[in-house]
Amino acid sequence: MLSLIVFLPLAAALALMALPRLGDGAARWAWVAVAAVDLALVAALWLAYEPPVAGRLAFEERAQWIPGVNSSYHVGVDGLSLPLVAMTAVVFLACAVFALRSNDRPRTQAALFLFLQSVSLGLFVAADLILFFLFFDLSIVGMYFVIAGWGHGDAGRSALKFFLYTFLGSLALLAGFIGLYVAADPHTFDMVDLAEQTPLTGSSTAGALVLAAILLGLAVKTPTVPFHTWLPPAHTDAPAIGSAVLAGVLLKMGTYGFVRIAMPMLPEAWRAWAWVIVVVGIVSVVYGALVALAQTDFKRMVAYTSVNHMGYVVLAVGAAGIVAGDTAQARSVAVTGAVTQMVSHGLVTAALFLVAGVMWDRAGTYDMGAYGGLADPAPRLAALFAVGAFASLGLPGLSGFIAEFQIFTGSIAAAPVTAVALLGILITAALFLRALQRIFTGATQGASAGFGDLRPAELWAIGPLLALSLLIGVLPRPLLDVIEPAAQVLVQLVGR
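Going by UniProt numbering, the residue at position 411 of the sequence shown is 411; the numbering climbs one at a time, nothing skipped.
Just so you know, these hints were derived from the structure itself, not from any lab.
It is possible that part of the hints are untrue.
What follows is a list of derived Cβ distance ranges for each label pair [stated by the list, open to error]: (1) Leu164 with Ala26: 32 to 42 Å; (2) Gly446 with Ala44: 43 to 53 Å; (3) Val182 with Arg434: 47 to 57 Å; (4) Ala419 with Ala33: 42 to 52 Å; (5) Arg62 with Val474: 34 to 44 Å.
Think of the CB as a built atom: it goes at the ideal place given N, C-alpha and C, for glycine as much as any other residue.
Please construct the entire structure, taking both the sequences and the accompanying hints into account.
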């Protein structure tokens, strides 16, 4: 079942490229159909899911791959990965629907995004470090071509900067993986076995070096301060659906690596460096919000809020490593909040980048000063932007509140100093309310004049993403029931 979910989009991508006579319209609808079928398969997987026993995965599949180094094709899911698999399928379907009106090489674009969907899903179900690394690097290659091929502005330069930064990070990640392999006895790249062995426990220097390599690779992908400088130009010059996938899915590969690899496999080193990780999280939260507040370009503003929101995740997983007193329950709540934040950010920020795509399509600018009174000619766009903005700033009743409430409840209980990061929520509220006022309120002027409201494809791409955010905000239990058991197991592994 997992292999079908992962490789169905790839098979469809190859079929699209092998059928040169397929019309543009047929290619676009084929993309939507494949993404919809994949989402249906993920929904069936979710309904059949039962939390696995500690240290195991559900729906495991295993086959020999590179036996000489004890690396196998090993996939499976648990409460840390299944929500991200579902979120990935939703975001890619939304992008397929949004692109229905695209006339810029739609067959090639569909094939490239289907390829990206396969490697993204593959990473979140991978249970072998080499398999994880393969999908990690392929995601970089795929997004490079998305930005360079369909971007605008200085797309070539932004794509190159994205590739070089993230590829350099992946080399550090590979060095860390090799360190884990060498330390393991017997040598293995299997993630389940490595989490059970924790091979570098008792070797503080070697453990710290391996953790540093892994954290560097993941921090560039997340990204955290100071490894974030590739992100704003990549988002600004990427096409709308490229930005939605980059922020909604690819950034989560970094934060997912924290909870899947760094924390369970290097628990002693994680505890030793937990305060450093917490500080990086706090700085990312506050710095990302402040820089976003200073932006006049709407898309750059949303890009910097990703640094802010991923900072919350880093803060929470860092707090989970501060083992002092009877704080296991609080640290579990923080981890649950971190995974919920990954899902929430994926849905909401993807929707906001699609909103930015509508602005570029109609007016050719992201400059907030070029608009004014846009709510009058585009009421549906204004309504969806308002929902996305309030979800992003953490308004109760939306997914952002569920995530951030748990993050701060757990983190402050484990380390009261993390309350400093609450400032980020205040600044985020200010920047989104300011954007709402500048773009949508007042007299209609500038680029807002003659601005067409959302078309059906745009409405059906953005609307469901925000509807899911609302559903999670009102009825979070189905999501939390999946995440909480895995979060508790992770906290036990880190604290052992």
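Outcome for the supplied range 42 to 52 Å, where the beta carbon pair is alanine 419 and alanine 33: For alanine 33 against alanine 419, whose Cβ atoms are near 48 Å apart, the range 42 to 52 Å holds.
Look at the Cβ atoms of leucine 164 and alanine 26 and judge whether their distance stays inside 32 to 42 Å. 37 Å, holds
Using the C-beta atoms of arginine 62 and valine 474, is the stated range 34 to 44 Å upheld? 39 Å, holds
Between valine 182 and arginine 434, is the Cβ distance one that fits in 47 to 57 Å? With Cβ atoms ~52 Å apart, the hint holds.
How does the Cβ-Cβ distance of glycine 446 and alanine 44 compare with 43 to 53 Å: does it lie in that range? Roughly 48 Å apart at Cβ, these two residues keep to the hinted range, so it holds.
In this structure, every one of the numbered hints holds.
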